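Colleague: The primary structure of each chain is shown beneath.
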Amino acid sequence: MTFKPTFKLRSSVLSVLAGVALACSGARAQVAVLAENLYTMASRDPNNPGGLIKNGVVVITDGKVVEVGPKDRVNIPPGHRLINAHTATPGLIDARATAGLTGILNSPHDSDQLEKSAPIQPELRAIDAYNPQERLVEYIRSFGITTIHTGHAPGELITGQTMVVKTAGLTVDEAVLTPIAAVAATLGPEAVRSGGSPGTRGKQVAMLRSELVRAREYLTKREKFEADLASFEKQFAAGTVAADKKPERPGRDLRMEMLADVLAGKVPLMVYCQRAQDIASTLRLADEFKFKLWLEGAAESYLLADQIKAAGVPVILHPSMQRSAGENENQSFETAATLVKAGIPVSMQSGYEAYVPKVRVVLLEAAITAANGLSFTQALATITTEPAKLLGLSDRIGSLEVGKDGDVALYTGDPFEYTTHCSAVVINGKVVSETLR
Amino acid sequence: MKIRSVLAAAVMLTVAPFAPAQTAAPITAYVNAKLMPVARGGAPAPAIERGTLVVQGSTILAVGDASTAIPAGATRVDLAGKVVIPGLVDTHNHIGGIGGADQSGPIQPDVSVRDSVNVLDSGFKRALSGGLTTLNIMPGSGHLLSGQTIYVKLRGGRTIDDLLIRDANGKQMGGLKMANGTNSLSGQGGFPGTRGKSAALVRERFVAAQEHARKVKAAGDDATKLPPRDLGLEVLGEVLSGKRIVHHHTHRADDVITVLRLQKEFGFRVVLHHVSEAWKVADELAKSDGGWGKTFATDQNPNGGVPCSIILVDSPGGKLEAQDLIYETGGVLEKAGVPTCFHTDDWITDVRLFLRMAALGVRGGMSRDAALAALTIQPAKMLDLGDRVGSLEEGKDADFVVLSGDPFSVYTKVEQTFVEGRKVFDLADPKDRLFATGGFGAGRDQNPYFCCYGQFGQGGGAQ
Numbered sequence: 015m016t017f018k019p020t021f022k023l024r025s026s027v028l029s030v031l032a033g034v035a036l037a038c039s040g041a042r043a044q045v046a047v048l049a050e051n052l053y054t055m056a057s058r059d060p061n062n063p064g065g066l067i068k069n070g071v072v073v074i075t076d077g078k079v080v081e082v083g084p085k086d087r088v089n090i091p092p093g094h095r096l097i098n099a100h101t102a103t104p105g106l107i108d109a110r111a112t113a114g115l116t117g118i119l120n121s122p123h124d125s126d127q128l129e130k131s132a133p134i135q136p137e138l139r140a141i142d143a144y145n146p147q148e149r150l151v152e153y154i155r156s157f158g159i160t161t162i163h164t165g166h167a168p169g170e171l172i173t174g175q176t177m178v179v180k181t182a183g184l185t186v187d188e189a190v191l192t193p194i195a196a197v198a199a200t201l202g203p204e205a206v207r208s209g210g211s212p213g214t215r216g217k218q219v220a221m222l223r224s225e226l227v228r229a230r231e232y233l234t235k236r237e238k239f240e241a242d243l244a245s246f247e248k249q250f251a252a253g254t255v256a257a258d259k260k261p262e263r264p265g266r267d268l269r270m271e272m273l274a275d276v277l278a279g280k281v282p283l284m285v286y287c288q289r290a291q292d293i294a295s296t297l298r299l300a301d302e303f304k305f306k307l308w309l310e311g312a313a314e315s316y317l318l319a320d321q322i323k324a325a326g327v328p329v330i331l332h333p334s335m336q337r338s339a340g341e342n343e344n345q346s347f348e349t350a351a352t353l354v355k356a357g358i359p360v361s362m363q364s365g366y367e368a369y370v371p372k373v374r375v376v377l378l379e380a381a382i383t384a385a386n387g388l389s390f391t392q393a394l395a396t397i398t399t400e401p402a403k404l405l406g407l408s409d410r411i412g413s414l415e416v417g418k419d420g421d422v423a424l425y426t427g428d429p430f431e432y433t434t435h436c437s438a439v440v441i442n443g444k445v446v447s448e449t450l451r
Numbered sequence: 090m091k092i093r094s095v096l097a098a099a100v101m102l103t104v105a106p107f108a109p110a111q112t113a114a115p116i117t118a119y120v121n122a123k124l125m126p127v128a129r130g131g132a133p134a135p136a137i138e139r140g141t142l143v144v145q146g147s148t149i150l151a152v153g154d155a156s157t158a159i160p161a162g163a164t165r166v167d168l169a170g171k172v173v174i175p176g177l178v179d180t181h182n183h184i185g186g187i188g189g190a191d192q193s194g195p196i197q198p199d200v201s202v203r204d205s206v207n208v209l210d211s212g213f214k215r216a217l218s219g220g221l222t223t224l225n226i227m228p229g230s231g232h233l234l235s236g237q238t239i240y241v242k243l244r245g246g247r248t249i250d251d252l253l254i255r256d257a258n259g260k261q262m263g264g265l266k267m268a269n270g271t272n273s274l275s276g277q278g279g280f281p282g283t284r285g286k287s288a289a290l291v292r293e294r295f296v297a298a299q300e301h302a303r304k305v306k307a308a309g310d311d312a313t314k315l316p317p318r319d320l321g322l323e324v325l326g327e328v329l330s331g332k333r334i335v336h337h338h339t340h341r342a343d344d345v346i347t348v349l350r351l352q353k354e355f356g357f358r359v360v361l362h363h364v365s366e367a368w369k370v371a372d373e374l375a376k377s378d379g380g381w382g383k384t385f386a387t388d389q390n391p392n393g394g395v396p397c398s399i400i401l402v403d404s405p406g407g408k409l410e411a412q413d414l415i416y417e418t419g420g421v422l423e424k425a426g427v428p429t430c431f432h433t434d435d436w437i438t439d440v441r442l443f444l445r446m447a448a449l450g451v452r453g454g455m456s457r458d459a460a461l462a463a464l465t466i467q468p469a470k471m472l473d474l475g476d477r478v479g480s481l482e483e484g485k486d487a488d489f490v491v492l493s494g495d496p497f498s499v500y501t502k503v504e505q506t507f508v509e510g511r512k513v514f515d516l517a518d519p520k521d522r523l524f525a526t527g528g529f530g531a532g533r534d535q536n537p538y539f540c541c542y543g544q545f546g547q548g549g550g551a552q
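Order-wise, the sequence lines are chains A and B.
Each residue of the first sequence is one higher than the one before, counting from 15 in the working numbering.
Each residue of the second sequence is one higher than the one before, counting from 90 in the working numbering.
One or more hints might be untrue.
Here chain B is said to cover these stretches of chain A; the calculated rule only asks that three of the stretch's residues, wherever they fall, bring their Cβ under 8 angstroms from a Cβ of chain B [claimed, not checked]:
{"hint": "1", "segment": "220-226"}
{"hint": "2", "segment": "247-253"}
Okay, derived cross-link-like pairs now, DSBU-like style, lysine-lysine, Cα gap no bigger than 35 angstroms in a straight line [said to hold, decoys possible]:
{"hint": "3", "chain 1": "A", "residue 1": "LYS260", "chain 2": "A", "residue 2": "LYS130"}
{"hint": "4", "chain 1": "A", "residue 1": "LYS217", "chain 2": "A", "residue 2": "LYS248"}
{"hint": "5", "chain 1": "B", "residue 1": "LYS260", "chain 2": "B", "residue 2": "LYS369"}
{"hint": "6", "chain 1": "A", "residue 1": "LYS68", "chain 2": "A", "residue 2": "LYS304"}
{"hint": "7", "chain 1": "B", "residue 1": "LYS424", "chain 2": "B", "residue 2": "LYS376"}
{"hint": "8", "chain 1": "A", "residue 1": "LYS68", "chain 2": "B", "residue 2": "LYS520"}
{"hint": "9", "chain 1": "A", "residue 1": "LYS355", "chain 2": "A", "residue 2": "LYS304"}
{"hint": "10", "chain 1": "A", "residue 1": "LYS403", "chain 2": "B", "residue 2": "LYS502"}
{"hint": "11", "chain 1": "B", "residue 1": "LYS314", "chain 2": "A", "residue 2": "LYS444"}
{"hint": "12", "chain 1": "A", "residue 1": "LYS238", "chain 2": "A", "residue 2": "LYS259"}
{"hint": "13", "chain 1": "B", "residue 1": "LYS376", "chain 2": "A", "residue 2": "LYS68"}
{"hint": "14", "chain 1": "B", "residue 1": "LYS353", "chain 2": "B", "residue 2": "LYS369"}
{"hint": "15", "chain 1": "A", "residue 1": "LYS304", "chain 2": "A", "residue 2": "LYS260"}
{"hint": "16", "chain 1": "A", "residue 1": "LYS355", "chain 2": "B", "residue 2": "LYS171"}
{"hint": "17", "chain 1": "A", "residue 1": "LYS85", "chain 2": "A", "residue 2": "LYS323"}
{"hint": "18", "chain 1": "B", "residue 1": "LYS332", "chain 2": "B", "residue 2": "LYS306"}
{"hint": "19", "chain 1": "A", "residue 1": "LYS280", "chain 2": "A", "residue 2": "LYS68"}
{"hint": "20", "chain 1": "A", "residue 1": "LYS323", "chain 2": "B", "residue 2": "LYS520"}
{"hint": "21", "chain 1": "A", "residue 1": "LYS238", "chain 2": "A", "residue 2": "LYS355"}
{"hint": "22", "chain 1": "A", "residue 1": "LYS355", "chain 2": "B", "residue 2": "LYS502"}
{"hint": "23", "chain 1": "B", "residue 1": "LYS304", "chain 2": "B", "residue 2": "LYS332"}
{"hint": "24", "chain 1": "B", "residue 1": "LYS314", "chain 2": "B", "residue 2": "LYS332"}
{"hint": "25", "chain 1": "B", "residue 1": "LYS286", "chain 2": "B", "residue 2": "LYS306"}
{"hint": "26", "chain 1": "B", "residue 1": "LYS520", "chain 2": "A", "residue 2": "LYS355"}
{"hint": "27", "chain 1": "A", "residue 1": "LYS217", "chain 2": "A", "residue 2": "LYS238"}
{"hint": "28", "chain 1": "B", "residue 1": "LYS171", "chain 2": "A", "residue 2": "LYS68"}
{"hint": "29", "chain 1": "A", "residue 1": "LYS444", "chain 2": "A", "residue 2": "LYS78"}
{"hint": "30", "chain 1": "A", "residue 1": "LYS306", "chain 2": "A", "residue 2": "LYS68"}
{"hint": "31", "chain 1": "A", "residue 1": "LYS78", "chain 2": "A", "residue 2": "LYS130"}
{"hint": "32", "chain 1": "A", "residue 1": "LYS68", "chain 2": "A", "residue 2": "LYS235"}
{"hint": "33", "chain 1": "A", "residue 1": "LYS323", "chain 2": "B", "residue 2": "LYS502"}
{"hint": "34", "chain 1": "A", "residue 1": "LYS306", "chain 2": "A", "residue 2": "LYS323"}
{"hint": "35", "chain 1": "B", "residue 1": "LYS512", "chain 2": "A", "residue 2": "LYS355"}
These aren't lab readings, by the way, just hints derived from the structure by calculation.
The structure displayed is predicted, hence computed values, not measured ones.
Note that CB positions come from ideal geometry on N, CA and C, so glycine has one too.
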C-alpha cells in the first residue's frame, strides 16, 4: 500500500500547529476544577494543615489561579470548562528526577543523564539534554506531576547541572522555570571509578576539596576583576584613568565558573549519598566551604537527624521503594517521618536506579510515607509545598492560591491509595492529561 | 503422579479432622476477623464477616462463620477488626542471594538453585513481613535455561532442607526456569545471538531429551541397556513427562508465541512469567491450555488458558523488551479467561509490598476477587500446590496472614504471618518489625542475582 497523507494526518498536524500557535500567543483555555476534597496546601490553620476545602473550586484564567474557595462562594466565570474530581491537589512536584534526560526506553539513544568521560563536569547543562517530548515525561505527568527538578543523575563525583521544568511544553524554553537549579555531586561507591580515580571515599573528598579550593581562587580572581572593573569604569568616566588601563578579564573556565557560583551561594550543591559516613563528610565540606547544600538520597539520614537539622540542610529523600541493597541496605520506610519530626525540610524524589524500574513515580513514593508515619498532609507536602520552597518557587507552584500557576492534579479518591486513579492534570490552566491513570 | 497427589490430599482431608487425638496437636480458633478464604472446593469463596478459622497443629480444621463449632479446649484468639487472608504465594523470586547456571553455556538443566540459597538471608524475613508463605525460588534469567527451581515454605530454619516442600513421595518439589528474548542474547560462549538461534538451541536439547527418554524406556529393566546417565537430560525428561513445570520468562508478544509453539511441540506444562505483552495476545493465551489439561478450565473459559504469572512495575522502560508492560494486563487477561497470578521477582519488586502489586492490578481494571486469587490460589495451582495452600480450606496448610484492613489499601499493615499453624512474623515484635519497615541492620549487602544489574552502576544508561 502506498502511503498517502490522509486528511486525518493533515488535520493532526494542523492541530499541533494550532496548539503551538495557542501556546505562543499566550492564549489559554479557561478551566475551573470542582473537587469534593480540594487540598489547596495553602492553609495557615493548624487544624486544617492541607487547606482542605470541601466541595472546593479553583478557577484558572489565562494560566493563573484567580479564585479558590467553596463552591457556593465562588462564581465560575463564563467560558470556563468545569472539571469534576473526588480529590484535587496542587500539581505535584518531583524534587529530584532524571526524566527527560532519561527516556522511557532507557536505552542508549534516550539516556543522557550520565556522562562518564570524567569524574568532575559541573559545566554540563541540563537544558542542553532535556527532551520535553520524551514519553517518560508524559507518563509521569499522567499521575499528576506537573513540575520536575530534573537533570544529571548521580554516578560521578560531579555529574552536571539540574533544572526545574513544567512537564508540558514543546521546547525546553517553554517548559523551563529555572535553567540552573543545582550542581549534582555524588559521594560513595556510585562515584567510584573502577580502575581510575576516585577509587576510594577518601580520594573522593580530597578531589572535591581541591576542586573547591581552585574554584575559590577562581572566584576571588573574578571578584577582584569585577571590583577592579567597577573602579576603572568610575575613574574612566571621571577621566582620571586612560583607556588602556582597563583591567583584563581573566580567562573563562566554564567548569570553575559553575563551581564559583556554588561557592558564591548562587547555586546549591546537591550531594547524593546514602551512608551516614558520607552524609557526615558532606556536612563537613559544606561547613568548610560555606556552600548551600541539599542532601539527596540520604538513606541513613535518620542516624544524623540532629546534625542535619543543626546545619539547616534540606533532604531530598530517596524513593521509599528503592531497593534496599548495598549502600541503601539500612534504609527505612519511616525515614521521612523521622526527619519531618526532627524539623528537617523533606521533599520526595523519583530517583534513578540501575535496573527496572529505573525511574519511579514520586506520587507513589510519597504514598508509602503516608502509610509509614507521616500524616496525609505531611506526605502531600513532600511533593508540593516542600519542594516548591526548596526550589525557591513557592510564589508560583506547590499550593493553590490566587496569583499562582494554574497547576492542578485531579484524582478519583485518596491520591495515595493504590486503587485511586489520577483522572486529569492541568498545567498553566491547560488540561494536559485526561488518561485515567 | 498427579493422581497420587490428589489421593494424598484426599487422605489428608479425611485423616486430619478425624484423627486429632493421635497427634494431639493443640487447636486454636481465630475468631471475629473478616475471613477472605478465596476458594472452597475449587470454586471462588466469598468473604466471611466475623468468621472463624480453626487450626490444629499445622492444618486448617475448619473455616466458617461465627456459628462454626470450636472444639472444647481450643485456644481462642480474638481478631475482631482484622482481615485474614491465605498466605501469599510467590511463583517467581530470587531471595537468598542466589545464582543458578553460570556463563559456561546457555542451557543448564542439571543446575539446581537449591544448592545456592542462603537460608539466613534477610530477604526471607522481609518476605514474611509482606505476608508471603510459599515461594518458588528461581535462578536468574540470563540463560535460555538457567536451572531447577525450588518450592519452599517460609517455616524458618537453618538449612534449605528445612524449607523445601515435598510431594507425597517425599521428593522435593520444583520447576525449571527458562527464558527467551534479549536476556540470553549475548552471542558469545555458546549463547545465542538471535531469537531464531535461541529456539533452535532449546529444540535441540528437548529432542536429545526425548531420545534419552526413549532409550531409558527401551532398556526396561535391563540396566545394561541404559544409556549413560545425563543429569541434564534426566531433568528435561521430567519436563517432557509433565512432572516438572516449565517456568518461562518471556516479555514480547512474539516471544510469548514462540514459547507456546515449543510447548505444543514438546508437550510440557508451562507457566509464562512476566509476559509484559500478554495483553496483545490475550486471545491466543486463552485458546490453549499450556499443557495443563483442564486444571484451569472454568465456565468462562473451558480451554483453561495458558497460566500467566505477571509482574507490574511502577513505570515502564529500563528494559527495551518490557517497554509495553502496562498496569492493565491483569484486567485484560481476566476478561479473556486466562489464569493469572502476580509475582514479586524480588528484587525487581519488594516482597514486603506484594499486596500492593495486586492492588495496582485492580487499578488497572482487574476485579478485586481475581486480584486476591492472583496472590493465593492461582499461584498455588501454578506450582502444583493448589491442594495444599492458596486458600483457607479445611485440610489445607494453616498458612494465613492477619491484616489491619483492606488487603488493597496503602494504609493496611501485615500484622502477623502464620506458616503451618505457627506465627512466624509479628509486627508487634520489634525484631520482626525491623524487617517490615527497614532501618539499621534490616538489610545485608547482597549480590543482586539478575543478569544485568550493576553492570553500569548508578545512573547506568548505555547497555
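Colleague: Would you mind marking each hint as holding or not holding in the structure?
Modeller: Results of checking the hints against the structure:
1. 220-226: violated (count 0)
2. 247-253: Coverage by chain B is violated for the segment 247-253 of chain A (0 residues, Cβ < 8 angstroms).
3. LYS260/A / LYS130/A: Judged against 35 angstroms, a Cα distance of about 41 angstroms means the pair is violated.
4. LYS217/A / LYS248/A: The hint is violated at about 46 angstroms.
5. LYS260/B / LYS369/B: Violated - the C-alpha atoms of LYS369/B and LYS260/B are around 38 angstroms apart, more than 35 angstroms.
6. LYS68/A / LYS304/A: Not satisfied, since the Cα-Cα distance of roughly 46 angstroms exceeds 35 angstroms.
7. LYS424/B / LYS376/B: Cα-Cα ~13 angstroms, so holds.
8. LYS68/A / LYS520/B: This hinted pair is violated, its Cα atoms lying about 42 angstroms apart.
9. LYS355/A / LYS304/A: holds, 26 angstroms
10. LYS403/A / LYS502/B: holds, 32 angstroms
11. LYS314/B / LYS444/A: With a Cα-Cα distance of about 79 angstroms, the restraint between LYS314/B and LYS444/A is violated, given a limit of 35 angstroms.
12. LYS238/A / LYS259/A: holds, 15 angstroms
13. LYS376/B / LYS68/A: Distance of about 50 angstroms is beyond 35 angstroms: violated.
14. LYS353/B / LYS369/B: The given pair, whose Cα atoms are some 20 angstroms apart, holds under the 35 angstroms limit.
15. LYS304/A / LYS260/A: holds, 32 angstroms
16. LYS355/A / LYS171/B: holds, 29 angstroms
17. LYS85/A / LYS323/A: violated, 41 angstroms
18. LYS332/B / LYS306/B: holds, 16 angstroms
19. LYS280/A / LYS68/A: violated, 41 angstroms
20. LYS323/A / LYS520/B: holds, 29 angstroms
21. LYS238/A / LYS355/A: Violated. LYS238/A to LYS355/A sits at ~44 angstroms, over the 35 angstroms cutoff.
22. LYS355/A / LYS502/B: holds, 22 angstroms
23. LYS304/B / LYS332/B: holds, 19 angstroms
24. LYS314/B / LYS332/B: The hint holds at about 24 angstroms.
25. LYS286/B / LYS306/B: It holds: about 30 angstroms lies between the C-alpha atoms, which stays within 35 angstroms.
26. LYS520/B / LYS355/A: Distance of about 23 angstroms is within 35 angstroms: holds.
27. LYS217/A / LYS238/A: holds, 31 angstroms
28. LYS171/B / LYS68/A: Given that 35 angstroms is the threshold and the Cα spacing comes to 31 angstroms, the pair holds.
29. LYS444/A / LYS78/A: Distance of about 10 angstroms is within 35 angstroms: holds.
30. LYS306/A / LYS68/A: violated, 40 angstroms
31. LYS78/A / LYS130/A: violated, 41 angstroms
32. LYS68/A / LYS235/A: violated, 58 angstroms
33. LYS323/A / LYS502/B: Between LYS323/A and LYS502/B the Cα gap is close to 30 angstroms, so the pair holds against 35 angstroms.
34. LYS306/A / LYS323/A: holds, 14 angstroms
35. LYS512/B / LYS355/A: holds, 33 angstroms
Violation of the numbered hints given earlier is confined to hints 1, 2, 3, 4, 5, 6, 8, 11, 13, 17, 19, 21, 30, 31 and 32; the remaining hints are satisfied by the structure.
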